[in-house]
Amino acid sequence: MPTRVLLIDDDTRMYELLAEYLGQNGITVSHAPDGGRGLAALEANAFDAVLLDVMMPGMDGLEVCKRIRAKSRIPVLMLTAKGDETDRVVGLELGADDYLPKPFGPRELLARLRAVLRRAQPAAVADRIESSGVSIDVSGREVKVEGKAVELTGLEFDLLLALVRRAGRVIPRDALLGEAGRNDTVVSERTVDVHISHLRQKLGDVGTRLIKTVRGVGYVFAKEGA
1008 MPTRVLLIDD
1018 DTRMYELLAE
1028 YLGQNGITVS
1038 HAPDGGRGLA
1048 ALEANAFDAV
1058 LLDVMMPGMD
1068 GLEVCKRIRA
1078 KSRIPVLMLT
1088 AKGDETDRVV
1098 GLELGADDYL
1108 PKPFGPRELL
1118 ARLRAVLRRA
1128 QPAAVADRIE
1138 SSGVSIDVSG
1148 REVKVEGKAV
1158 ELTGLEFDLL
1168 LALVRRAGRV
1178 IPRDALLGEA
1188 GRNDTVVSER
1198 TVDVHISHLR
1208 QKLGDVGTRL
1218 IKTVRGVGYV
1228 FAKEGA
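Heads up: the sequence shown runs through residues 1008 to 1233, numbered per this note's numbering.
If you're looking for bench data, these hints aren't it; they were derived computationally from the structure. Being a predicted model, the structure only gives us computed values, none of them experimental. Cβ coordinates follow ideal geometry from the N, Cα and C atoms, glycine included. Misleading hints may appear alongside valid ones.
Derived CB-CB ranges, DEER-like [claimed, not checked]:
(1) 1062 - 1118: 19 to 29 Å
(2) 1010 - 1051: 47 to 57 Å
(3) 1149 - 1230: 20 to 30 Å
(4) 1019 - 1215: 39 to 49 Å
(5) 1100 - 1160: 20 to 30 Å
(6) 1197 - 1011: 18 to 28 Å
(7) 1161 - 1010: 21 to 31 Å
(8) 1031 - 1204: 21 to 31 Å
(9) 1092 - 1112: 17 to 27 Å
(10) 1160 - 1114: 40 to 50 Å
(11) 1112 - 1161: 42 to 52 Å
SDA-like cross-link-like pairs, simulated, lysine to any residue; straight-line CA separation at most 25 Å [unchecked claim]:
(12) 1155 - 1202
(13) 1078 - 1114
(14) 1230 - 1213
(15) 1109 - 1031
(16) 1155 - 1205
(17) 1073 - 1010
(18) 1078 - 1053
(19) 1073 - 1011
(20) 1151 - 1215
(21) 1230 - 1164
(22) 1155 - 1185
(23) 1209 - 1106
(24) 1073 - 1033
(25) 1230 - 1154
(26) 1078 - 1219
(27) 1109 - 1019
(28) 1073 - 1106
(29) 1073 - 1100
(30) 1219 - 1157
(31) 1209 - 1222
(32) 1109 - 1121
(33) 1155 - 1078
(34) 1078 - 1113
(35) 1219 - 1154
(36) 1073 - 1017
(37) 1073 - 1219
(38) 1230 - 1124
(39) 1230 - 1121
(40) 1109 - 1153
Go ahead and model the full structure; you've got the sequences and the hints to work with.
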């Protein structure tokens, strides 16, 4: 699946430049020109990372970062004014994953973005993903919970894999099938709810504890201790 990034910045020209450059490197960029619309976009869609400008009219980037962190662990790369150390320090204290002073080169931005995306990935060894007691053999399409094998349907497996790969990040109902590689599967949101319910039951206590419903939005696979 292509990497999807949300740029929250009132500079339209920067968006156009980054969309072209990052697009050439396999990263799709969406744009929100202010903090309010950026937060709304995060509620409605699934992204892999956020590029967040500090200086914006109305709600500034520091407040946006604070609100993002209240709900999500999505990687946030803050864009700060050159030499403004205070904004960088506060941003990191609020939970930003990295910062990049303006002006910057697109190659450096791409390198830093790839670095925060790598750090956000769950542990994976030999095509196996481990998260909070759930072990997924991706190529073998097998799941174990605390060492015990669990039988899942094909769709249940794909939904679980999508959730675990984005552990700690909310995936909207209408985006979940796409995240699971099931864009060709036409079902209602209610049907998605039913499959998630079955998945929870099959995973037992782990499923009930870790697959959380975000009312009115979608689902998140919670990280233990988060």
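Now for the hints, and whether the structure bears them out:
1. Checked against the hint of 19 to 29 Å, the pair residue 1062 and residue 1118 passes, with Cβ atoms roughly 23 Å apart.
2. Distance hint check: the CB atoms of residue 1010 and residue 1051 are about 18 Å apart, inconsistent with the given range 47 to 57 Å.
3. For residue 1149 and residue 1230, the hinted distance range of 20 to 30 Å is satisfied, since their beta carbons lie about 22 Å from each other.
4. A C-beta distance of roughly 45 Å is found between residue 1019 and residue 1215, which places it inside the suggested range of 39 to 49 Å.
5. Between residue 1100 and residue 1160 the beta carbon distance is about 44 Å. The supplied range of 20 to 30 Å is therefore violated.
6. The hinted range of 18 to 28 Å is satisfied by residue 1197 and residue 1011, whose Cβ atoms lie roughly 26 Å apart.
7. Between residue 1161 and residue 1010 the C-beta distance comes to about 25 Å, which sits within the given range of 21 to 31 Å.
8. Range check, residue 1031 to residue 1204: Cβ separation about 42 Å, and the 21 to 31 Å hint is violated.
9. Hint check: residue 1092 to residue 1112, Cβ distance near 20 Å, so the stated range 17 to 27 Å holds.
10. In this structure the hint that residue 1160 and residue 1114 lie 40 to 50 Å apart at CB holds, the actual value being about 44 Å.
11. For residue 1112 and residue 1161, the hinted distance range of 42 to 52 Å is satisfied, since their beta carbons lie about 44 Å from each other.
12. This hinted pair checks out: residue 1155 and residue 1202 have alpha carbons roughly 21 Å apart, not beyond 25 Å.
13. Distance hint between residue 1078 and residue 1114 is unfulfilled; the C-alpha atoms sit about 30 Å from each other, more than 25 Å.
14. As the CA atoms of residue 1230 and residue 1213 are separated by approximately 11 Å, the hinted pair is consistent with the 25 Å bound.
15. For the suggested pair residue 1109 and residue 1031, the alpha carbons sit about 22 Å apart, so the restraint of at most 25 Å is met.
16. Between residue 1155 and residue 1205, the direct Cα distance comes to roughly 17 Å. Compliance with the 25 Å bound is thereby established for this hinted pair.
17. Taking the CA atoms of residue 1073 and residue 1010, the gap is near 23 Å; set against the 25 Å cutoff, the hint holds.
18. Proximity of residue 1078 to residue 1053 is assessed by CA-CA distance (about 13 Å); at most 25 Å being required, the pair is judged to hold.
19. For the suggested pair residue 1073 and residue 1011, the alpha carbons sit about 21 Å apart, so the restraint of at most 25 Å is met.
20. With a CA separation close to 15 Å, the supplied pair residue 1151 and residue 1215 stays within the 25 Å bound.
21. Of the supplied pair hints, the one linking residue 1230 and residue 1164 holds, its CA atoms being roughly 18 Å apart against a limit of 25 Å.
22. Distance restraint check for residue 1155 and residue 1185: the Cα-Cα separation of roughly 28 Å exceeds the 25 Å cut-off, and the hinted pair is therefore not satisfied.
23. For the suggested pair residue 1209 and residue 1106, the alpha carbons sit about 41 Å apart, so the restraint of at most 25 Å is broken.
24. Distance check on the hinted pair: residue 1073 and residue 1033 sit about 29 Å apart at the alpha-carbon level, beyond 25 Å; violated.
25. For a cut-off of 25 Å, the pair hint linking residue 1230 to residue 1154 stands: about 18 Å separates their Cα positions.
26. Simply put, residue 1078 and residue 1219 have alpha-carbon atoms about 12 Å apart, close enough for the 25 Å limit, and the pair holds.
27. Distance hint between residue 1109 and residue 1019 is fulfilled; the C-alpha atoms sit about 15 Å from each other, no more than 25 Å.
28. Only pairs whose Cα atoms come within 25 Å are accepted, and residue 1073 paired with residue 1106 is accepted, the gap being roughly 15 Å.
29. The hinted pair formed by residue 1073 and residue 1100 meets the criterion: a straight-line CA distance of about 10 Å does not exceed 25 Å.
30. Proximity of residue 1219 to residue 1157 is assessed by CA-CA distance (about 19 Å); at most 25 Å being required, the pair is judged to hold.
31. A hinted pair counts as satisfied when its Cα atoms are at most 25 Å apart, and residue 1209 with residue 1222 qualifies at roughly 22 Å.
32. For the hint pairing residue 1109 with residue 1121, the CA-to-CA distance comes to about 18 Å; that is within 25 Å, so the pair holds.
33. A C-alpha spacing of about 31 Å is found between residue 1155 and residue 1078, which places the hinted pair above 25 Å, so the restraint is violated.
34. Proposed proximity of residue 1078 and residue 1113 is contradicted: the alpha carbons are some 29 Å apart, above 25 Å.
35. For a cut-off of 25 Å, the pair hint linking residue 1219 to residue 1154 stands: about 22 Å separates their Cα positions.
36. As the CA atoms of residue 1073 and residue 1017 are separated by approximately 19 Å, the hinted pair is consistent with the 25 Å bound.
37. Of the pairs offered as hints, the one joining residue 1073 and residue 1219 holds, with about 21 Å between alpha carbons and a cut-off of 25 Å not exceeded.
38. Taking the CA atoms of residue 1230 and residue 1124, the gap is near 17 Å; set against the 25 Å cutoff, the hint holds.
39. Simply put, residue 1230 and residue 1121 have alpha-carbon atoms about 22 Å apart, close enough for the 25 Å limit, and the pair holds.
40. A C-alpha spacing of about 47 Å is found between residue 1109 and residue 1153, which places the hinted pair above 25 Å, so the restraint is violated.
Hint compliance for this structure: hints 2, 5, 8, 13, 22, 23, 24, 33, 34 and 40 are not met, and every other hint is.
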